[in-house]
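Number of protein chains: 2
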Amino acid sequence: MPYSAPLEAIKNALKFNADIDAAGATGAFENYDSDLIAPVLEEANKLASGILSPLNPTGHQNGASLKDGVVTSAPGFADAYKTFAEGGWIGLPFPEEFGGQALPKSLAIAVMEMIQGANPAFGLNPMLTFGSIEALLVKGTDEQKSTYLEKLISGEWTGAMNLTEASAGSDVGALKSKAIPNDDGSFSITGQKIFITWGEHDVTDNIIQLVLARTPDSPEGSRGISLFLVPKFFVNDDGSLGDRNTYQCIGLEEKIGIHASPTCVMEYNGAKGWLIGEENKGLAAMFIMMNAARLQVGLQGVAVCESAMQAANAYARDRKQGSAPGVQGDAAIIHHPDIKRTLVSMAATTQAARAIVYAAAGASDLAEHSTDDASKAKFKQREDLLVPIAKAWATDRGCEMANQAVQVYGGMGFMNETDAAQIMLDARINPIYEGTNGIQAMDLVGRKLASDKGAGMTAMIAEIRKTIADASTTGNGHLAIVANRLYTAAGALEEATEWMLTNMASNRSTALAGATAYLRLAGDVIGGHLLAQAAIGSIEADDSFKEKAVILARIFADETLTQAQGRMEAVSAPANLVEDAMTTLFEAIEA
Amino acid sequence: MPYSAPLEAIKNALKFNADIDAAGATGAFENYDSDLIAPVLEEANKLASGILSPLNPTGHQNGASLKDGVVTSAPGFADAYKTFAEGGWIGLPFPEEFGGQALPKSLAIAVMEMIQGANPAFGLNPMLTFGSIEALLVKGTDEQKSTYLEKLISGEWTGAMNLTEASAGSDVGALKSKAIPNDDGSFSITGQKIFITWGEHDVTDNIIQLVLARTPDSPEGSRGISLFLVPKFFVNDDGSLGDRNTYQCIGLEEKIGIHASPTCVMEYNGAKGWLIGEENKGLAAMFIMMNAARLQVGLQGVAVCESAMQAANAYARDRKQGSAPGVQGDAAIIHHPDIKRTLVSMAATTQAARAIVYAAAGASDLAEHSTDDASKAKFKQREDLLVPIAKAWATDRGCEMANQAVQVYGGMGFMNETDAAQIMLDARINPIYEGTNGIQAMDLVGRKLASDKGAGMTAMIAEIRKTIADASTTGNGHLAIVANRLYTAAGALEEATEWMLTNMASNRSTALAGATAYLRLAGDVIGGHLLAQAAIGSIEADDSFKEKAVILARIFADETLTQAQGRMEAVSAPANLVEDAMTTLFEAIEA
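Chains A and B, in that order, give the protein sequences. Residues 1 to 591, numbered by UniProt numbering, are exactly what the first sequence covers, in order. Residues 1 to 591, numbered by UniProt numbering, are exactly what the second sequence covers, in order.
By construction, these hints were calculated from the structure, which means they are not laboratory data. One or more hints might be untrue.
It does not matter which identical chain is used: a pair holds within one copy or between any two.
In silico BS3-like cross-links for lysine-lysine, where the CA-CA straight-line distance does not exceed 30 Å [what the hints assert, rightly or not]:
| id | residue 1 | residue 2 |
| --- | --- | --- |
| 1 | Lys-320 | Lys-178 |
| 2 | Lys-281 | Lys-320 |
| 3 | Lys-67 | Lys-272 |
| 4 | Lys-82 | Lys-145 |
| 5 | Lys-176 | Lys-320 |
| 6 | Lys-378 | Lys-466 |
| 7 | Lys-380 | Lys-466 |
| 8 | Lys-11 | Lys-376 |
| 9 | Lys-466 | Lys-11 |
With the hints as extra help, turn the sequences into a complete structure.
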């Protein structure tokens, strides 16, 4: 099924959830004009639907391959990457100084949604490059910026993130790779990195590895890791490429999905690299990349929801099977009420996931570019709160939607060559990488909730209460019901938040046993709020999407906000029992 | 991770949910003695854990292969099948007259849970054989029975079910295969069948195909299909094997899982077959196989829950990553409260799924063998109600549990060779085959609920109310809370049932749009009821499993029964809106 971007739904989320015009109004984006949104999105959709989508099944069937250290990308991927780079798509949100277009990050997120929806294995390559660019922008020296940034931003080279080692995954502080200083100020990096996405490939002439390693006598744990820039080919003073660096891709993982994205085992044998930022401060640099990447992975979740819905919709119209009321002869399965319900529910969930991720991106723009410090702080708090929810909630929903698409396909959904199967297999990594969703939940209740005594969530709930009031005054019957459901749901979120704050202070283990359930509840309620917010805004602006926005908010409220009260109980009640139940049901845990 | 059957949990469900002793007390099972349960289960576990489990990853990596019409099974499978057959396991629930052991079906279900848990690709072969045996027992002529049944029951031959064609899946009545009568009373069968599980293989000398086809001038649709017995090799009068029949396996599907189970495209070229039962009554015979198979697939869901939980538990104890409170140095991830919560929740869901499937099997025994007609009718009603719930609810939970196991594995869960990945991939077919879960939901609200005006469900709710009363009188604190939650949940199920009955009468499309959500709610509430029932029974009998039974019921009540009220609202509210939402959100549907 060819992917085609849902331009109207994306524009609506950009306008009413990301508040892209507020970013434009800060004056920080000289090139931004709200009239630019439509042509940019249409152009990106041509690339996504015309070039990347047709390569997606090819990539699934063929995958990337490794021979003698050389990774050959799936057929067509190298050419597609060149087209993508030449379109200037990577530079969208980056400074003009380095060749970027200095547009809001939320617009870049909208473009990347299309790339990820059309071809997620392809999309991982620019996604990792973004992380490298962000890290260099913040932490790089002027020389590093002038040597590497322009080529990364133009798409001429790509970047890869080398964090994980065999015994250092979620616990990155356990890594063992070494960086020995050379006389010329560079370092010699030695060690093995695993799960390195697009760590080696043939789609660009050079690859810039960002590698975490330890310098001699560095402190133990995460306070002793430093970030290094390790190019595949050294760059001569005139910008031309010199010798090959001494590292190799020694293996590709056999994964269940994203076959066209090479997942590399990288062996660094005294490879020459340069420190990015300060020694032993690699973790901070890593979190810059990581934060950007977490939002991008949440976006992959949105893209999965959308492509799963499109596949299910197209297949349900195509597949004839049996009779249906009011249809002569064989009926397409879309005539069955159960299938309609599935599609309608998928549409609401997809837009809720999009709303959350776009709201986080919009908050990020305003956190960086608001004109006063109070606003900056407010939106930073918002961004911090939303990023783990965006990552975990949207990727979990992505897997669920993919699962539903497979179900609509029936027996064909279990066949390896179908779109539905590929979407499901590709999607399954999203809740795992860039910090498992369990880690996102710990981040939400630990770093984001407990550290500011719930101020960010309190502000969010206040905003939800404003939405409830606004919804009631629109005079729209659907939104009146949404307001009622949101009222109960906000109360549930508030109660769960209080429980969580109390227990994080007094009984941390119990609190953490409720973290995943709490994140789910928070995503449900915030998703319902954002859909209502978009519906209200669309009515006020007489937006062409307004009928859709209203029904999406209503369906989501009926399907999901109705569950909030029950979910609130399921945050705390089982959490209180987990230790006892573990002891009763399972063998003793060895220390 | 080696699979090992949870003998105590299985025995508890057999005793208190399947009520196996009540089946024994009917006198219909001469060989049955409750002291037999433990040694039978232990012996079956030796086979499952010792022989079938080690072959499971091998089967995943190698799969079955086809060359020149010959299907070669995965390494070790043929020998394992011989061991399995020699153990007499297939004959457990079948009449002694044909070499069976005439034991309750619920005991056979317990044994098959272990086979499916250890190696689902292997387990599909006997599962399909069961269906063939059931059809022959009910519909076969004496000659057919004497020629084929003993060999099927001994496991010397296997049976396969040939229903699906390219345009006749869920709508089996659309099938086009032809059966032309020969002068000798046999028929010549011609047509192509797809998705035929273990349709061709090398693990036994003969295969008995049960094939649906149309005789000349048969009525259109499902009223014109007949069932035929088509052996791979003809059977001589002395029981020896004669010529090869004229059909071929012409292809194997490339699936995402159960690679060691050959899924065959079968081409019948005038193959010789014999009618089973009456002409044009094939659908009735098919439903005998189907009903047996649906419960077996629900059982696969249980087996997936169990093997996913075992894999997650073992991996969480083995995998060291980062620190945890109270642990020196690197801690196994099982120390994290989020992982403990996952495991505890998986345990409760697994036992609930087991309870539902075993209760259906127990009802089936009593429906067939109760000593009075009223009891027979009562348990038949119970069985009919529970089968679609067992099939759909348990397989959906299986996929969820498998997904959670992958999540516990983290990045390793996305690697093709890990147990967690295999469990998830293998499990994904369960909600699809033998009638998709959407079809189970339509069966529940259409055939099972509306046809008897809800009498079966009303009887079930009355039983739930009895459990609530019993739970309150045990004096157990956990069960008092369970009783409260079950009370609310039963009310929700009652309300949803009323809505469903009203709408099935007046507004069928709306009702059907709520069918899947209704089945989910019914499974949740009945699962909670059955866990409470087992806990109460275990306390009364001072069963060694009683502490576990109580905490499982409590955890399930906290996690799942708390959701019932919200789920009830989500049955009806979105269903009422589906048509409007479909029109607003999606392109028009072509007639």
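Status of the hints after comparison with the structure:
Proximity of Lys-320 to Lys-178 under the C-alpha cut-off of 30 Å is restricted to the inter-copy arrangement: shortest distance 22 Å between copies versus 60 Å within a copy. With identical chains, the CA atoms of Lys-281 and Lys-320 are at most 30 Å apart between copies only, with a shortest distance of 25 Å across copies and 60 Å within one. For the identical chains of this complex, Lys-67 and Lys-272 are intra-copy neighbours only, at 24 Å inside a copy versus 52 Å across copies, given an alpha-carbon limit of 30 Å. Proximity of Lys-82 and Lys-145 under a CA criterion of 30 Å is satisfied intra-copy only: 22 Å inside one chain copy versus 68 Å between copies.
Proximity of Lys-176 to Lys-320 under the C-alpha cut-off of 30 Å is restricted to the inter-copy arrangement: shortest distance 15 Å between copies versus 57 Å within a copy. Taking the shortest alpha-carbon separations for Lys-378 and Lys-466, only the intra-copy value of 17 Å comes in at or below 30 Å, while the best inter-copy value is 55 Å. Taking the shortest Cα distances, Lys-380 and Lys-466 sit within 30 Å of each other inside one copy (20 Å), while across copies they are farther apart (55 Å). When the C-alpha separation of Lys-11 and Lys-376 is checked against a cutoff of 30 Å, the pair qualifies only within one copy, where the shortest distance is 24 Å, while the shortest distance between copies is 61 Å.
Only within a single protomer do Lys-466 and Lys-11 lie at most 30 Å apart by alpha-carbon distance; the minimum there is 23 Å, versus 55 Å between protomers.
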